[in-house]
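> Sequence:
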Amino acid sequence: MLRKPGTEEYPAYYKDYINNVPDGDLLQILDVQLKETTNLLKDLSDEQARFRYAPEKWTIKEVLGHITDTERIMCYRLLSIARGEQEMLPGYNDDEYVRRGRFNRFSLQELLHHQSLVRQNTILLLSSMYEEALLQRGKANGGEVTVRAIAYIIAGHEIHHRSLIRNRYLNTDK
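Take 63 as the starting number for the sequence shown in this note's numbering and just add one per residue.
Incorrect hints may appear among the rest.
[Stated by the list, open to error] With a straight-line cut-off of 20 Å between C-alpha atoms, the simulated PhoX-like cross-links for lysine-lysine are:
#, residue 1, residue 2
1, LYS77, LYS66
2, LYS201, LYS66
3, LYS201, LYS77
[Unchecked claim] So the derived label-pair ranges between C-beta atoms look like this:
#, residue 1, residue 2, range
4, SER189, GLU98, 11 to 21 Å
5, GLU194, LYS66, 26 to 36 Å
6, GLN171, GLN90, 22 to 32 Å
7, SER189, GLU109, 20 to 30 Å
8, ARG112, SER225, 34 to 44 Å
Bear in mind the hints are in silico, worked out from the structure with no lab data behind them. From a predicted model like this one, the values you see are computed outputs, not experimental measurements. We treat Cβ as the ideally placed atom computed from N, Cα and C, and that holds for glycine.
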């Protein structure tokens with residue numbers, strides 16, 4: 063079972079993401095999250111999924127594409143650091159990734175399928191790692207981070223965006 067990382071395992075700007083992850087088995091939490099996000103969005107029409115709560119904000123489809131792209135990037139970092147990479151791994155411009163991803167051209171079902179496959183891969187990758195790898199330290203986006211912390215950042219990032227979807231896009235606080 064993956065335990066929450068200590069604050070010395072990640073840059074301070076990830077604190078809220080990690081603190082939002084509930085206690086428990088992280089692999090199970092990641093699996094449940096996938097189901098929760100899918101259930102939250104699966105019945106939206108294409109028109110509803112293109113909704114922006116303000117002109118400069120992303121659509122729901124773009125938020126989902128962003129969650130998926132971020133998980134892909136974090137898994138690359140997680141794998142690289144677990145395998146001993148010592149070079150600084152680059153950051154990324156999330157607005158540019160969303161713009162170039164052109165997520166609104168996909169159906170919501172396609173985007174949910176992409177997210178499902180990426181999440182299944184994340185769970186499989188994490189479940190294959192041993193304790194030493196999970197505690198491995200590396201450098202990414204200008205800071206030092208452990209593999210375990212990256213796993214929690216993935217979960218916390220989704221929690222953050224699902225909350226925004228509920229509160230700012232769907233106006234529900236379930």
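> Work down the list of hints and note, for each, if the structure agrees.
Hint by hint, here is what the structure shows:
A hinted pair counts as satisfied when its Cα atoms are at most 20 Å apart, and LYS77 with LYS66 qualifies at roughly 11 Å. Using a Cα cut-off of 20 Å, the hinted pair LYS201 and LYS66 holds, with the two alpha carbons roughly 19 Å apart. A hinted pair counts as satisfied when its Cα atoms are at most 20 Å apart, and LYS201 with LYS77 qualifies at roughly 17 Å. In this structure the hint that SER189 and GLU98 lie 11 to 21 Å apart at CB holds, the actual value being about 20 Å.
A beta carbon spacing of about 18 Å between GLU194 and LYS66 contradicts the range 26 to 36 Å that was offered as a hint. In this structure, GLN171 and GLN90 meet the distance hint of 22 to 32 Å, their C-beta atoms being roughly 25 Å apart. Separated by about 38 Å at the C-beta atoms, SER189 and GLU109 break the suggested range of 20 to 30 Å. In this structure the hint that ARG112 and SER225 lie 34 to 44 Å apart at CB is violated, the actual value being about 20 Å.
When each numbered hint is compared with the structure, violations occur for hints 5, 7 and 8.
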